[in-house]
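Which chain is which? The protein sequence lines are Y and X, in order.
The letter at position 241 of the first sequence is residue 241 when you use UniProt numbering, and the numbering goes up by one with no holes.
The letter at position 123 of the second sequence is residue 123 when you use UniProt numbering, and the numbering goes up by one with no holes.
Calculated from the structure, these hints are not laboratory results.
None of these values were measured; they are calculated from a predicted model.
Only part of the chain Y face toward chain X is listed, based on derived beta-carbon distances under 10 Å:
(1) Arg122
(2) Asp123
(3) Phe129
For each residue, glycine too, the CB sits at the ideal point set by N, CA and C.
Okay, here's what each chain looks like letter by letter:
Protein chains: 2
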Amino acid sequence: MMQRYKSIISYDGSGFSGYQVQPNKRTVQSELEAVLAKMHKGKPIKVSASGRTDAGVHAKGQVIHFDSPLPISEEKWEIALNSLLPVDISVLSVIKVDSSFHARFDARGKEYHYVLQLSKKRDPFQRHFAYQYPYSLNLEAMMQASRHFIGTHDFTSFCSAKTEVEDRIRTIETIDFFLDGDFLTLRFVGNGFLYNMVRILTGTLIEVGTGKRKPEQMVDILGEKDRRVAGKTAPSQGLYLWKVFYD
Amino acid sequence: MMQRYKSIISYDGSGFSGYQVQPNKRTVQSELEAVLAKMHKGKPIKVSASGRTDAGVHAKGQVIHFDSPLPISEEKWEIALNSLLPVDISVLSVIKVDSSFHARFDARGKEYHYVLQLSKKRDPFQRHFAYQYPYSLNLEAMMQASRHFIGTHDFTSFCSAKTEVEDRIRTIETIDFFLDGDFLTLRFVGNGFLYNMVRILTGTLIEVGTGKRKPEQMVDILGEKDRRVAGKTAPSQGLYLWKVFYD
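Start from the sequences and build out the full structure, keeping to the hints where you can.
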């Protein structure tokens, strides 16, 4: 009998061409599916995630689901997957769920963190894990600007022009700022995020921090519904899919 | 006219076969010398360090020196080297020193950190930067054991059997323990450390932490002067050359 499993996984995105399977590329999904196929004697097992992550983007709490007929306990699944997966993917938990559960369609919200290292010196230990930013930032202005994004808006200006979804209305619940030594973390919580949305929001907030844009301009940028009026896309290595919320 | 420069550098050791030049291997020294040769139109410039680090071992404050006839300011040296070096090596400072200065022979002491991640779950972000240790450790016993190493001792039991230096007497000033969340850091300060000494001290202290050895046995192990009686060598990825002290 088939059983559906929900699993929380973490990965260092620096060695992957993103989450989703692509021909001849090392991706998180292809590593997961290769391990599951091996456990099922070559039978392909499809893995569904809460959403994709781009090349270089990390996950602290990505959620996936898959179906299996193997009579294995939740604990044994966790041990088996971790022993077979490469060291840059870790399975944090595996639980049995109803076959109606879907990692993507049931997700009610997501939390992303974007980490900047505010330092003039290159830090070789952080090159894959934070965006090193050597110029000073006006955090007060960035926080003021971020308040314009809270609530329900059409985020067309803040998603990649390649975005195919029609409905670009999303609700952002909170954008918090944490400063710890050199590290500035922007924490985004919302009901969903469009393609590149957190990175474009971050890139635009950085431009507010440098004084290139004013906080109140965020209203106009939202209103324009045009990717070209927002700021640059912040680089992938600072982004972490932190948590996915379900009912 | 030749000028001697002292430079403090940091590197992520995970991509190097150690500090020292080896044929057909990527090493920190060979990267540094390749960049200096490029800056000197192919003329080889020898780089001397405070000491070697093994494959996988990191440096937060390795010290090197080199000589150059180029009329470049200290700040410009730092900028030039950082722009030419690979991203896993960072130059933190460059200063002019007297031609009698020697990074190795003038070093009066060193500080090493050994980082353990006390966690049952694999952390893909720490696999190169800490030794993940899933079993519980008696820190009180480890601290008690560490006190036997303070002072001047013959550390033959705590260096690789391959060590070629005759004089294995070293002075350890402090061994401090820091617990921060999952991370246990052992901080070693002393006048010098033999080959693999910090890793063997750490491996032996871990065996005290698990109850395999008693704190007072450290006295006997020192007395035996035999590598085989000490504990295992802790893995390289947890070790950081933190600082080198000069007069």
